[in-house]
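Protein chains: 2
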Amino acid sequence: MKIEDLASEVGDWLSGDGPDSDIVFSTRIRLARNIEGYPFVTKAAPEQVGEIEARLRDAIQALDLAPDMTYWNLLESSELDRYFLVEQHLISKEHAQSELCRGIAFTRSESLSMMVNEEDHLRMQVMQPGFQPETCWAKLDAADTALAQRLPWAWSERFGYLTACPTNVGTGMRVSVMLHLPALVWSRDIVKVFNAVGKIGMAVRGLYGEGTQATGDFYQISNQASLGKAEDRIVHTATSVVPQIVSYERKARDALLGKKRVELEDRVWRAVGILRSARSMSSEESMHCLSLARLGVHLGVLNDLNLRTVNELFVLSQPAHLQKLESREIAEPAERDIVRAAFIREAVGGA
Amino acid sequence: MKIEDLASEVGDWLSGDGPDSDIVFSTRIRLARNIEGYPFVTKAAPEQVGEIEARLRDAIQALDLAPDMTYWNLLESSELDRYFLVEQHLISKEHAQSELCRGIAFTRSESLSMMVNEEDHLRMQVMQPGFQPETCWAKLDAADTALAQRLPWAWSERFGYLTACPTNVGTGMRVSVMLHLPALVWSRDIVKVFNAVGKIGMAVRGLYGEGTQATGDFYQISNQASLGKAEDRIVHTATSVVPQIVSYERKARDALLGKKRVELEDRVWRAVGILRSARSMSSEESMHCLSLARLGVHLGVLNDLNLRTVNELFVLSQPAHLQKLESREIAEPAERDIVRAAFIREAVGGA
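Listed in order, the protein sequences are those of chains A and B.
First residue of the first sequence? That's 1 in my numbering, and the numbers climb one at a time after it.
First residue of the second sequence? That's 1 in my numbering, and the numbers climb one at a time after it.
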């Protein structure tokens with residue numbers, strides 16, 4: 001598979017299907033693993049890093065459960081391609097910027113993906129549209145079990161799986177649920193939600209993970225601790241708050257439909273008008289307008305926009321994607337803003 | 001003719017035709033006249049006011065040169081109807097608010113119109129699209145001559161025509177040119193234009209005359225003095241600055257097309273996107289967006305919007321027009337904003 005194919009074929013997690021997908025954009029679980037007998041990535045000698053990469057690559061490519069898995073060594077990819085993978089949520093920014101021998105593997109649907117030699121020797125994740133923690137865990141558990149038959153994971157009786165950062169020790173698990181909460185942002189009740197989420201030991205992040213701003217009214221909540229509990233318990237605890245947030249957001253949306261209908265329709269339609277008309281648009285503005293469009297589709301205020309189109313645009317309108325779609329490097333943000341506006345106009349039937 | 005007919009049939013001065021009509025919206029000349037032997041309106045007794053109204057009404061209705069003239073006594077009209085006439089530029093706000101016996105006459109094309117018992121016994125005006133001072137003056141002169149055969153105007157050898165306000169003494173003439181100057185506003189050179197215009201004794205006003213704000217980038221320039229010169233000299237002096245302003249605006253537009261093309265297209269198209277999408281829109285915002293749309297049509301940036309539609313919307317989207325078009329009183333501005341947005345969307349092919 002070539003990276004160009006990824007630009008036209010967006011991952012299934014953007015389909016807009018799945019339980020509660022009007023509010024839960026996607027569910028993601030990842031596991032951190034390290035091969036026994038090697039130092040962690042930052043402490044390993046270059047030849048060890050290369051050896052780790054080779055062993056993991058072989059094990060991943062031999063996986064029966066994912067015959068359509070593609071593996072790339074990132075030393076062979078351009079900077080643009082790596083940022084493209086960041087925008088696809090397939091690799092982290094750190095993994096893109098690293099200079100080590102490292103890799104990325106993913107299935108065609110992008111449901112299962114693996115980073116080799118990021119913070120840990122292996123980070124593997126399963127991402128699904130909507131609220132599907134059990135499905136994610138079942139798929140990921142199967143991949144983990146299959147790999148464990150080929151590789152000895154660093155593990156201690158006392159702590160569980162050993163990881164580069166102590167916060168991941170134990171299960172090496174992080175469960176992340178990406179929520180679209182435009183109505184709670186509008187009503188400003190989002191602050192209460194964050195406070196509540198923080199109190200039960202969950203972290204809140206933006207669309208592109210740790211340290212990123214919440215754009216497009218997307219919030220990622222995830223567990224902070226991965227130690228001392230069985231994996232399925234962590235999945236349960238980390239996601240038990242989600243149905244409550246979903247119900248708050250639904251109530252806030254109902255309130256908009258009731259008391260603020262005109263303002264809601266006005267904001268949604270203006271956003272669509274901008275998406276269909278602008279000749280230059282920053283990434284931030286496009287996220288803002290797409291968020292309102294997504295809300296409008298789900299509330300039945302908009303009926304001539306396809307949900308999958310809107311969902312995909314959140315990813316496709318990002319800088320690296322635009323450059324891949326245009327098949328050229330566009331260094332100037334101002335020029336990207338023009339390309340972005342044209343691409344979005346085309347996608348949403350603009351003038 | 002009924003007032004309802006005026007709502008669907010907009011005056012020819014909005015046609016968008018006429019010389020330099022990309023920049024000169026309309027040219028208007030008015031004359032102030034008073035009947036000899038009566039006090040000015042504010043000093044006249046009620047029965048005199050009624051007598052003046054009757055004499056003028058008879059003379060106006062007998063005019064051969066305007067057989068399609070409609071005459072209304074404003075005591076018989078509703079407040080809404082009177083504001084409707086203000087928005088059509090047929091009467092002044094003061095004339096709408098007065099409680100005296102007074103009238104308004106206008107031809108079907110609204111080219112020629114007359115206010116009876118406004119500040120003076122008679123105010124008659126001719127309004128034409130584009131830059132047409134000579135045509136305006138020729139038509140107005142003909143009407144004045146015809147009326148003078150039936151009515152003795154208050155006149156003094158020393159001062160000329162006598163008027164209620166000394167600023168109108170002499171010819172009783174005011175020449176007003178309505179200019180659309182979005183590019184000069186954009187480049188901020190508009191201030192220089194105003195200073196230059198002020199120095200040669202001209203006044204600058206907004207779209208709805210004295211004391212009104214300049215909305216939609218429209219500026220009305222008019223002479224301040226009407227004394228000491230023959231009428232055609234005043235027309236000439238008052239309009240001699242117009243070609244220069246027109247050329248400044250053209251240069252500013254060329255600069256936008258050259259150096260700021262993307263920003264220009266972006267602003268114009270966003271404005272159209274808002275006009276086609278918004279569910280609620282204030283009068284001020286609609287004027288702003290219509291101004292950009294008008295600029296876009298004239299610069300060839302927009303090609304799927306009709307110029308006459310845009311020009312008419314400046315008037316049709318005003319509060320009294322919206323209420324007449326809806327055939328009901330809408331007291332709440334918030335409700336008018338909804339009606340306005342729907343009306344504009346419909347007119348510009350919105351979603």
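Incorrect hints may appear among the rest.
Treat identical chains as interchangeable: a pair holds within one or across any two.
Derived DMTMM-like pairs: lysine to aspartate or glutamate, alpha-carbon spacing no greater than 25 angstroms straight-line [what the hints assert, rightly or not]:
hint: 1; residue 1: 93; residue 2: 134
hint: 2; residue 1: 260; residue 2: 335
hint: 3; residue 1: 260; residue 2: 285
hint: 4; residue 1: 259; residue 2: 332
hint: 5; residue 1: 259; residue 2: 329
hint: 6; residue 1: 260; residue 2: 329
hint: 7; residue 1: 192; residue 2: 58
hint: 8; residue 1: 260; residue 2: 68
hint: 9; residue 1: 229; residue 2: 81
hint: 10; residue 1: 259; residue 2: 64
hint: 11; residue 1: 260; residue 2: 326
No lab work stands behind these hints: they were computed from the structure.
In this text the structure is predicted, and so the values were computed from the model without any measurement.
Item to check | Numbered hints the structure breaks, given as an ascending list | outcome: Structure breaks hints 1, 7, 8, 9, 10.
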